[in-house]
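A.B. asks: Residue numbers (the numbering used here), protein chains in the order written: chain A, 1 to 215; chain G, 1 to 183; chain W, 1 to 257.
Bear in mind the hints are in silico, worked out from the structure with no lab data behind them. Here a beta-carbon is modelled for each residue, glycine too, at the ideal position from N, C-alpha and C. Heads up, a few of these hints could be off.
[Stated by the list, open to error] Looking from chain A toward chain G, a few residues come up when the C-beta cut is under 7 Å (computed):
hint: 1; residue: 44
hint: 2; residue: 49
hint: 3; residue: 154
hint: 4; residue: 158
hint: 5; residue: 161
hint: 6; residue: 162
hint: 7; residue: 163
hint: 8; residue: 166
[As the list claims (entries may be wrong)] One-sided excerpt, in silico: chain W residues whose CB lies under 8 Å from chain G:
hint: 9; residue: 48
hint: 10; residue: 80
hint: 11; residue: 89
hint: 12; residue: 98
hint: 13; residue: 106
hint: 14; residue: 109
hint: 15; residue: 110
hint: 16; residue: 112
hint: 17; residue: 115
hint: 18; residue: 210
hint: 19; residue: 213
hint: 20; residue: 225
[Said to hold, decoys possible] EDC-like cross-link-like pairs, simulated, lysine to aspartate or glutamate; straight-line CA separation at most 16 Å:
hint: 21; chain 1: G; residue 1: 163; chain 2: W; residue 2: 138
hint: 22; chain 1: G; residue 1: 46; chain 2: G; residue 2: 97
hint: 23; chain 1: W; residue 1: 130; chain 2: W; residue 2: 113
hint: 24; chain 1: G; residue 1: 163; chain 2: G; residue 2: 131
hint: 25; chain 1: W; residue 1: 29; chain 2: W; residue 2: 158
hint: 26; chain 1: W; residue 1: 61; chain 2: W; residue 2: 74
hint: 27; chain 1: W; residue 1: 29; chain 2: W; residue 2: 179
hint: 28; chain 1: W; residue 1: 29; chain 2: W; residue 2: 183
hint: 29; chain 1: A; residue 1: 38; chain 2: G; residue 2: 167
hint: 30; chain 1: A; residue 1: 38; chain 2: G; residue 2: 170
hint: 31; chain 1: W; residue 1: 130; chain 2: W; residue 2: 116
hint: 32; chain 1: W; residue 1: 130; chain 2: W; residue 2: 117
hint: 33; chain 1: W; residue 1: 13; chain 2: G; residue 2: 97
hint: 34; chain 1: G; residue 1: 2; chain 2: G; residue 2: 131
hint: 35; chain 1: G; residue 1: 163; chain 2: A; residue 2: 133
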Amino acid sequence: MHIPDGFISPKMYLPLYAVSAGLWAWGLRRMRRTLDEKTIPWLAVLAALSFILMMVTVPLPGGSSVHATGICLLAVIFGVWAAFLAVSLVLLIQALLFGTGGITSLPLNALAMGLVGGATAWSTFRLLRRWNETAALALAAWLSVLVPAVLVALALGLQPLIASAPDGTPLFFPYGPRVTLPALLIPHAILGVGEALLTVLVYRMVDRLKQGVRP
Amino acid sequence: MKDRVMLLAYFAAVLLATSIHDLRFLGAGLATVALLAGRRLPRLLKRTAMAILLFNSVVTISYTALSLWQGNFSGHYVLLINLRVFLLTALTFLLAERFNPFRAFAVSRSLLYLTTLCYSQVLTMRRLFGEFRHAFRSRSIVRPGLRDLYRHGAATAAFFLHKSVSDAGEIAQAMTSRGFFND
Amino acid sequence: MIELDRLGHDFGKSTVLEDVSFTISPGEKVVLLGVNGSGKSTLLKILNGLIFPTRGRWRYKGREITARAMKGKDFSRSFRRESVLLFQSPEAMIFNPTVFDEIAFGPRQLGLEDLDDRVRHWAVQVGVEKFLQRPPFELSGGEKQKVCLAALLVLEPELLLLDEPTANLDPRSTGWLVDFLQELPVTTLVTTHNLSLGAELGERTLVLSEGHRLIYDGRLADLLGDREKLIEANLVHSHRHRHEGVEHRHYHVHQWK
Numbered sequence: 001m002h003i004p005d006g007f008i009s010p011k012m013y014l015p016l017y018a019v020s021a022g023l024w025a026w027g028l029r030r031m032r033r034t035l036d037e038k039t040i041p042w043l044a045v046l047a048a049l050s051f052i053l054m055m056v057t058v059p060l061p062g063g064s065s066v067h068a069t070g071i072c073l074l075a076v077i078f079g080v081w082a083a084f085l086a087v088s089l090v091l092l093i094q095a096l097l098f099g100t101g102g103i104t105s106l107p108l109n110a111l112a113m114g115l116v117g118g119a120t121a122w123s124t125f126r127l128l129r130r131w132n133e134t135a136a137l138a139l140a141a142w143l144s145v146l147v148p149a150v151l152v153a154l155a156l157g158l159q160p161l162i163a164s165a166p167d168g169t170p171l172f173f174p175y176g177p178r179v180t181l182p183a184l185l186i187p188h189a190i191l192g193v194g195e196a197l198l199t200v201l202v203y204r205m206v207d208r209l210k211q212g213v214r215p
Numbered sequence: 001m002k003d004r005v006m007l008l009a010y011f012a013a014v015l016l017a018t019s020i021h022d023l024r025f026l027g028a029g030l031a032t033v034a035l036l037a038g039r040r041l042p043r044l045l046k047r048t049a050m051a052i053l054l055f056n057s058v059v060t061i062s063y064t065a066l067s068l069w070q071g072n073f074s075g076h077y078v079l080l081i082n083l084r085v086f087l088l089t090a091l092t093f094l095l096a097e098r099f100n101p102f103r104a105f106a107v108s109r110s111l112l113y114l115t116t117l118c119y120s121q122v123l124t125m126r127r128l129f130g131e132f133r134h135a136f137r138s139r140s141i142v143r144p145g146l147r148d149l150y151r152h153g154a155a156t157a158a159f160f161l162h163k164s165v166s167d168a169g170e171i172a173q174a175m176t177s178r179g180f181f182n183d
Numbered sequence: 001m002i003e004l005d006r007l008g009h010d011f012g013k014s015t016v017l018e019d020v021s022f023t024i025s026p027g028e029k030v031v032l033l034g035v036n037g038s039g040k041s042t043l044l045k046i047l048n049g050l051i052f053p054t055r056g057r058w059r060y061k062g063r064e065i066t067a068r069a070m071k072g073k074d075f076s077r078s079f080r081r082e083s084v085l086l087f088q089s090p091e092a093m094i095f096n097p098t099v100f101d102e103i104a105f106g107p108r109q110l111g112l113e114d115l116d117d118r119v120r121h122w123a124v125q126v127g128v129e130k131f132l133q134r135p136p137f138e139l140s141g142g143e144k145q146k147v148c149l150a151a152l153l154v155l156e157p158e159l160l161l162l163d164e165p166t167a168n169l170d171p172r173s174t175g176w177l178v179d180f181l182q183e184l185p186v187t188t189l190v191t192t193h194n195l196s197l198g199a200e201l202g203e204r205t206l207v208l209s210e211g212h213r214l215i216y217d218g219r220l221a222d223l224l225g226d227r228e229k230l231i232e233a234n235l236v237h238s239h240r241h242r243h244e245g246v247e248h249r250h251y252h253v254h255q256w257k
């Protein structure tokens with residue numbers, strides 16, 4: 001899901017920045033309420049952790065591989081707001097310090113992956129864990145890949161509708177949702193299986209973090 | 001101060017480059033970036049091209065094929081999108097090379113501390129992560145199978161999860177000990 | 001077994017190794033001394049075929065090691081079996097569900113027979129047999145390191161590279177490791193920044209300076225008499241001493257470990 005800068009119109013990224021900014025402030029306040037002065041060290045470390053989780057490879061059959069997102073693990077263990085803020089901070093550092101990831105796609109990625117992906121994973125896991133913990137976690141991880149992909153596909157697919165020249169030629173991303181949805185969903189449905197497998201394996205190895213970490 | 005101006009100028013440039021759909025304007029923007037890059041231009045161009053190659057080729061080639069078939073091909077669009085993406089990516093690399101984000105973030109002590117701490121954690125963890133990769137390669141006598149790849153990925157992730165939890169606690173204690181929260 | 005010819009390595013703009021040449025013959029026990037940041041770990045990674053030198057070349061059993069050579073399946077298979085590296089942080093090497101699986105990882109890749117006997121033998125040698133069914137992650141740092149050592153030795157390697165193996169060990173384990181390595185009939189190259197340990201770990205000593213060059217290759221006993229070299233490598237230090245009211249200053253080492 002690496003969209004370079006230049007495919008998303010300011011008509012979309014500016015409002016998304018406004019929404020994100022509000023949610024960042026809200027999330028920070030929530031974290032501060034429980035963590036107080038420990039908020040800064042925790043957030044910094046969780047963002048670095050998120051950065052590393054995104055470097056872990058998810059192997060695919062046939063010798064290729066993709067990178068994990070780690071969102072499900074972050075949300076299930078540390079909570080949705082911590083996951084959202086950590087992912088946002090990573091995206092900021094990647095964009096401004098490493099020059100990767102894109103500054104105009106930052107709010108879209110942060111909201112889709114961090115907030116919606118994290119919230120989907122967290123609530124799926126909470127809802128289904130009593131039925132079967134492993135299955136609940138696997139489904140949560142799979143959805144944490146798939147749902148953000150749907151959102152990104154819709155956001156890209158909206159570009160020709162909201163930002164085209166008067167003669168109808170596109171100005172940003174050229175395809176509508178009829179192209180972007182299948183193009184993103186089909187691969188991510190497969191990648192999600194790898195993420196789910198990895199998440200389940202990791203979760204078995206972090207017994208003492210299982211109750212969730214409320215630092 | 002200089003870094004804050006640089007950051008604001010960068011944001012303004014990004015906004016302009018995504019709001020003005022004139023090839024001449026974007027071309028002039030790229031010329032400006034080239035001037036600012038100076039001697040490091042060849043490296044910048046190469047890095048930018050590598051970064052956008054995959055995504056842009058897919059979009060450009062598929063768009064060209066599809067629109068030619070549908071009869072609404074626009075050469076202007078192909079130039080516009082590639083020029084814009086190239087300009088923005090080059091601009092971001094140029095900024096990342098030149099500016100010190102920590103001085104730009106110095107507006108708030110908390111923001112400054114958060115970004116500095118996070119960056120140093122990222123560098124430390126990334127170095128250690130490299131050790132995990134090397135160790136796995138060193139121990140793989142034959143090409144590792146899927147099961148071993150998953151086991152290794154999971155063990156690596158689990159290690160860093162544990163490490164993060166203990167690091168965060170330690171850093172918070174160190175900050176308290178150094179009197180960070182006193183005022 | 002190993003020949004280095006004017007090896008140099010850069011990371012980005014900074015040089016970490018410069019103009020390093022030496023040879024190691026089969027059966028030698030060599031200590032590589034140098035302060036942190038002198039390039040010891042990088043050198044070991046080059047000798048383990050993980051990274052490739054920016055300048056100069058090196059040969060293993062007469063064959064030049066390049067990225068291309070390591071891509072050859074048959075060669076890389078024999079090289080990875082014969083030449084093994086113990087990383088400074090054992091955590092980086094551990095990923096299997098039990099200590100048994102950890103030690104068995106190498107032999108399984110090779111499809112070796114009598115897996116059980118091999119694993120058990122080396123587990124006993126390093127003293128981790130009682131942990132065989134436990135997850136390696138739960139062990140202490142020193143125990144993890146022993147598991148890693150067994151996981152390497154079970155391959156019956158010809159060259160053992162060890163990166164600061166005593167850095168995370170308590171004094172008792174350090175003593176054990178020193179004795180263990182001495183008796184091991186394998187060519188070894190051990191790095192350390194601890195001068196007093198150098199004497200215990202090998203007969204021949206190489207010294208990397210803070211300028212990332214090889215400044216000494218010879219017997220440790222002779223090195224200890226060469227004050228200039230020791231100061232240049234930052235392996236000795238000086239501070240004020242107070243003996244019964246008399247205060248003086250000289251270069252020395254401590255037997256801290």
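A.B. asks: For each hint given before, does the structure comply? Return the numbers of the non-compliant ones in rising order.
C.D. replies: 3, 4, 5, 6, 7, 8, 12, 16, 17, 18, 19, 20, 23, 34 and 35
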